[in-house]
Every structure is written in structure tokens, then in C-alpha cells.
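There are 2 protein chains.
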Amino acid sequence: MEPYFKKLTIIGVGLIGGSLAMALRKKGMVGEIVGVGRSISNLELAVKLDVIDKFTTDPAAGVMGADLVVVATPVASMAEMMKKIAPYLKEGALVTDVGSVKGAVVKEAEKLIPSGVYFIGGHPIAGTEESGVCAAFPTLFEKNRCILTPTAKTEREALKKVKEIWEAAGSEVILMDAEKHDSILAAVSHLPHVIAYSLVNTVDDVKDFEESILSYSAGGFRDFTRIASSSPEMWRDICLLNRDAIIDMITRFEKSLTKLKGYIKESNGHEIFKEFDRSKKARDSIVKK
Amino acid sequence: MEPYFKKLTIIGVGLIGGSLAMALRKKGMVGEIVGVGRSISNLELAVKLDVIDKFTTDPAAGVMGADLVVVATPVASMAEMMKKIAPYLKEGALVTDVGSVKGAVVKEAEKLIPSGVYFIGGHPIAGTEESGVCAAFPTLFEKNRCILTPTAKTEREALKKVKEIWEAAGSEVILMDAEKHDSILAAVSHLPHVIAYSLVNTVDDVKDFEESILSYSAGGFRDFTRIASSSPEMWRDICLLNRDAIIDMITRFEKSLTKLKGYIKESNGHEIFKEFDRSKKARDSIVKK
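Protein chains in written order, with the working numbering: chain A, 102 to 390; chain B, 102 to 390.
If you're looking for bench data, these hints aren't it; they were derived computationally from the structure. Check each hint, because a few of them may be wrong.
A pair holds if it fits inside one copy or across any two, identical chains being indistinguishable in the list.
[As the list claims (entries may be wrong)] Under the rule of at most 25 Å between Cα atoms (straight-line distance), these lysine-lysine pairs were calculated in the BS3-like manner:
| id | residue 1 | residue 2 |
| --- | --- | --- |
| 1 | Lys281 | Lys362 |
| 2 | Lys382 | Lys360 |
| 3 | Lys366 | Lys208 |
| 4 | Lys155 | Lys191 |
| 5 | Lys308 | Lys362 |
| 6 | Lys308 | Lys382 |
Could you build the full structure based on these sequences and the hints that come with them?
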């Protein structure tokens with residue numbers, strides 16, 4: 102039988118936190134849902150949209166008596182939030198997060214969460230460029246993966262429960278250690294964002310002509326750079342928190358690009374084709390799944 | 102009054118050539134449409150889809166008597182095609198192309214096209230990852246730009262006619278020299294393709310874990326790398342034909358990425374934010390237009 106949480110507290114009622122609340126409510130897995138946030142208008146909207154039942158701007162008050170606490174604030178403020186709520190968590194409470202960087206968050210959380218309370222780091226691989234509770238919808242996590250990052254300290258029963266939460270939301274749950282998570286996400290998510298931001302700036306910096314050449318961009322460029330419209334604050338924080346893995350991936354990418362540039366420079370059509378062809382095959386393989 | 106062409110020959114009845122034929126037929130600008138290609142099954146399909154009226158696999162036979170010839174073959178084979186058709190073009194015929202590289206193509210074409218025949222280089226900034234006549238549709242060019250690249254040799258009346266063709270197809274026509282075209286396209290199109298191919302290879306090359314990490318990619322990565330599913334042959338040829346402008350743009354991008362990497366390395370949140378923020382603003386500006 103799936104677990105049932107009498108009181109769920111969502112700290113940060115945005116796209117991710119709001120969508121999880123909606124999914125768990127739909128599955129009948131939660132009783133009361135309390136939202137915690139800083140923007141009263143956003144929280145009022147969340148009540149109106151039936152995402153949460155009530156709210157408070159005080160994290161301490163919000164988590165009192167909660168069986169399940171989901172920290173869905175920006176990743177850079179998670180450690181601070183854990184510190185704020187730690188003394189008010191009830192014995193046996195389950196705490197999890199949804200941050201896109203896990204090493205730094207899990208390390209801090211395990212230091213701060215008191216004994217008798219269970220913490221599991223989590224990261225649903227889902228999202229859109231949209232943010233805020235208006236963008237939330239209950240099927241956001243369906244058919245997506247959610248990575249949980251247990252440690253040596255993790256209590257087995259607690260892990261099982263958090264796993265069931267995400268499975269109820271429709272996700273395939275994958276367990277791995279936080280460091281591996283951070284390397285993989287640096288490659289498939291953080292590196293592409295850094296590249297997209299950098300590419301748009303490169304093109305915007307071309308001042309060789311009177312007009313802005315960005316106006317000549319077509320659909321391909323627009324799709325390719327869609328992720329450069331993501332929140333600069335959020336991506337700055339991810340770069341700071343997952344610095345080493347991101348630097349490592351940028352270095353690997355630089356080597357790959359340098360090799361390709363060399364082939365283009367020497368007009369080596371054979372090697373250019375080989376590089377493009379294996380890339381197309383790898384890319385097609387992820388789409389056809 | 103818009104020009105009327107009694108006989109239009111499309112060499113290469115694929116996405117671009119086929120869509121232009123459909124658009125011009127819809128506007129009543131052409132009489133008979135002849136398709137030239139190598140694949141008989143594709144040409145038969147084009148007849149069945151009413152894109153062309155008849156076809157031949159012999160370019161010489163195809164262009165005889167044509168008032169307008171549109172060369173829509175892969176960009177690397179355009180010069181050879183011009184050579185093949187040049188002796189058979191009728192006096193006063195108008196020849197244009199749709200290649201994504203203009204400098205090399207225009208130079209060759211002006212050498213090969215005989216006097217009494219008029220050539221104008223063109224490049225409609227439109228397309229999808231799809232190819233072949235099945236992907237063609239008559240509104241492909243609507244609201245997109247088409248760049249024409251006249252030279253000192255260009256006959257004014259011929260330029261006017263080609264401009265009217267593209268305007269009839271729904272495009273905004275822009276005139277510029279071929280070199281400028283190639284620089285701009287290197288930035289907004291060729292560089293992103295090179296980067297996308299290189300990024301997918303970088304991620305695919307991460308062999309630190311048992312499983313392929315590409316399986317962890319989410320929607321952002323898939324959109325970002327969609328253009329890596331484009332034809333490797335076509336993009337190899339573009340890299341070879343527009344080599345210098347592409348190398349220049351890769352170098353500019355490398356500098357931008359190196360700067361950003363430096364900020365990440367030194368955990369300089371202020372500068373990282375500034376870079377991401379201006380990128381987001383530039384990117385948002387092209388979408389909101």
C-alpha cells in the first residue's frame with residue numbers, strides 16, 4: 102500500500118513544488134497541504150488553484166506537525182532553509198528536496214537535519230522554462246525520471262517512502278550517489294545551458310554589420326537557444342554549486358570542438374562527416390526511445 | 102504586375118525546391134513545372150503530389166526552354182550542376198539557387214552561366230529537419246526571410262524578378278553581398294550546428310559510468326540538440342564551402358566560453374549572472390518580435 106501523509110508541507114510553491122503537490126493530491130496520498138513561500142500573492146494563487154490548502158510565509162510554522170516536507174526553493178537557498186526548519190521538524194518526519202545539484206545540498210542537509218528525522222535528496226528530471234505556480238500541472242513528472250541520492254546514513258524505510266512518492270507522481274525512480282548525479286547532470290543539462298548562454302552572447306557580440314544579426318536567426322537557432330531564456334539566477338547558482346563537474350564537462354566539450362575545428366580548418370570532409378554522423382546517430386537514438 | 106513564367110524547372114525536388122514549386126503554382130505565377138532529380142521514385146511522388154507536372158533525370162533536357170530555373174540541389178553539387186545545364190539554357194532564362202552558402206556558389210555560377218542568361222544567388226532562411234518532397238508545403242517561406250546576393254554583374258531586371266518570386270512565396274526579401282551573407286549565416290546557423298554536433302559527441306563520449314548518460318537527457322537537451330539530427334552530408338558540405346567564416350565564428354565562441362569558464366572556475370557569481378542575464382535578454386528579444 103502506498104504511504105499516506107496526513108500533512109504535506111511544500112516549501113517553494115513553484116513549477117516543481119506545485120506540480121508535486123497536485124500529483125500527490127490527485128493520487129490521494131496526502132491529507133492537508135501547506136505551502137510555504139515568500140510571495141503572498143503567489144501563495145494566494147496556489148490556494149485559489151487548489152494546489153495547496155493553506156500557507157504561511159514562516160518556514161518554522163509551516164513545517165510543524167508535517168509528516169512530509171518537500172524543499173523546492175532555489176537550490177542555492179536550500180541549506181539555509183534546512184537550517185531554519187530543522188528545529189521545528191516533528192519526530193519521524195520525512196524531508197526531501199528537488200534541487201538540480203545534489204552533492205552540496207545532501208552534504209549540508211545531512212549535517213543540519215536532526216536525528217529522528219529522515220532526509221533523502223531528490224531531483225526530478227522534469228521542468229519547463231516556465232516558473233511559478235501558474236505553470237504547475239499534475240502530470241509534469243509522468244514518464245520522467247527522478248533521481249534519489251541516498252547515502253550511508255539513509256534509513257531504508259525512509260528511502261522506500263520517498264521512492265513511492267515519486268512513483269505515485271508517475272516517475273521512474275533511479276538511485277545513485279550524489280556525485281554521480283552531479284557529473285551526469287553537468288553533462289546533459291548544465292553544460293548545454295552554459296553553451297546556450299555563451300552562444301547567444303557570441304552571436305549578439307558580432308558587431309561587424311549595422312544591424313543586429315540575431316534578426317537573421319531562424320527556427321533552428323530559436324530552438325537551440327531556448328534554454329538560454331532560463332532563469333539567470335538559477336543557473337548562476339547551479340554553476341556555483343556544481344562548479345567542478347561543470348568545469349570538467351566544459352573542458353571535455355572544448356576538446357571535442359577543437360578537434361572538429363581542426364578538421365574544418367584542414368577541409369577534412371571525411372572526418373567532419375564521421376563526427377557529424379555519429380552525433381546524429383547518438384541524438385536520434387535518444388529521441389526514438 | 103507579377104512576372105509569369107511559362108516553364109519553371111526545379112532541379113532538386115526536395116523540401117525547399119518542392120515547397121517553392123507549390124508556392125509559385127498556388128500564386129498562379131507559373132505554367133508548366135518540370136522537376137529534375139536523380140531519384141525516380143521521389144520524382145514520381147512529386148508528380149502524384151502535384152508539386153511538379155513532369156520530370157526528367159537529365160538536367161540538360163530539363164532546363165531546355167525553361168524561363169526560370171531554380172537549382173535546389175545539395176550546395177556542394179551546385180557548381181557541377183551549373184556546368185551541366187549552362188549550355189542548354191535558353192536566351193533570357195533566369196537562374197537562381199537556394200544554397201545556404203553563397204560566396205562559393207555565386208562565384209562559380211557567374212563563371213559558368215553564359216551571357217544572355219541571368220543568375221541571382223538566393224537563400225531562403227527556412228527549413229525543417231525533414232527532407233524530401235513529402236516534407237514540402239506551400240507556406241514554408243511565409244513570413245521568413247529570403248536573402249538575395251546580387252553582384253556587380255547582376256542585371257537589374259533579373260534581380261527584380263527573382264525578388265518578386267520570393268515575395269510571392271511570402272518571404273521578406275533582403276539584399277546583401279555574398280560575403281556578408283556567409284558571415285551572418287556562419288553565426289546564426291552554421292556555428293550552432295557545429296556546436297550541437299560537438300555537444301552530443303561530448304556527452305556520448307562520457308564513459309565514466311556503466312550506462313549511457315544520454316538516457317538522462319530531458320526535454321531541454323533534446324530541443325537543444327535537435328539540429329544535431331540534421332543531414333551530416335549537408336552540414337559537412339556547408340563546413341567545407343563556408344570554412345573561413347565558420348572557423349572565425351568558432352574562434353569567437355571559444356573565447357566567449359573560455360571567459361565564462363573562468364568566471365565559473367573562480368566562483369564569480371556576479372560575472373556569471375551578468376553573462377547569463379544579457380544572454381537571456383538577447384534571446385528573449387528575438388522571440389518576442
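These are the hints, each one checked on the structure:
1. With identical chains, the CA atoms of Lys281 and Lys362 are at most 25 Å apart between copies only, with a shortest distance of 21 Å across copies and 30 Å within one.
2. Taking the closest pair of Cα atoms, Lys382 and Lys360 come within 25 Å of each other only inside a single copy of the chain (19 Å); across copies the shortest separation is 31 Å, beyond that limit.
3. Proximity of Lys366 to Lys208 under the C-alpha cut-off of 25 Å is restricted to the inter-copy arrangement: shortest distance 21 Å between copies versus 46 Å within a copy.
4. Taking the shortest alpha-carbon separations for Lys155 and Lys191, only the intra-copy value of 19 Å comes in at or below 25 Å, while the best inter-copy value is 79 Å.
5. In this homomeric assembly, Lys308 and Lys362 come within 25 Å of each other (Cα to Cα) both inside a single copy, at 23 Å, and across copies, at 23 Å.
6. In this homomeric assembly, Lys308 and Lys382 come within 25 Å of each other (Cα to Cα) only across copies, at 17 Å, whereas the closest approach inside a single copy is 36 Å.
Against the hints set out earlier in the document, no violation occurs for any number.
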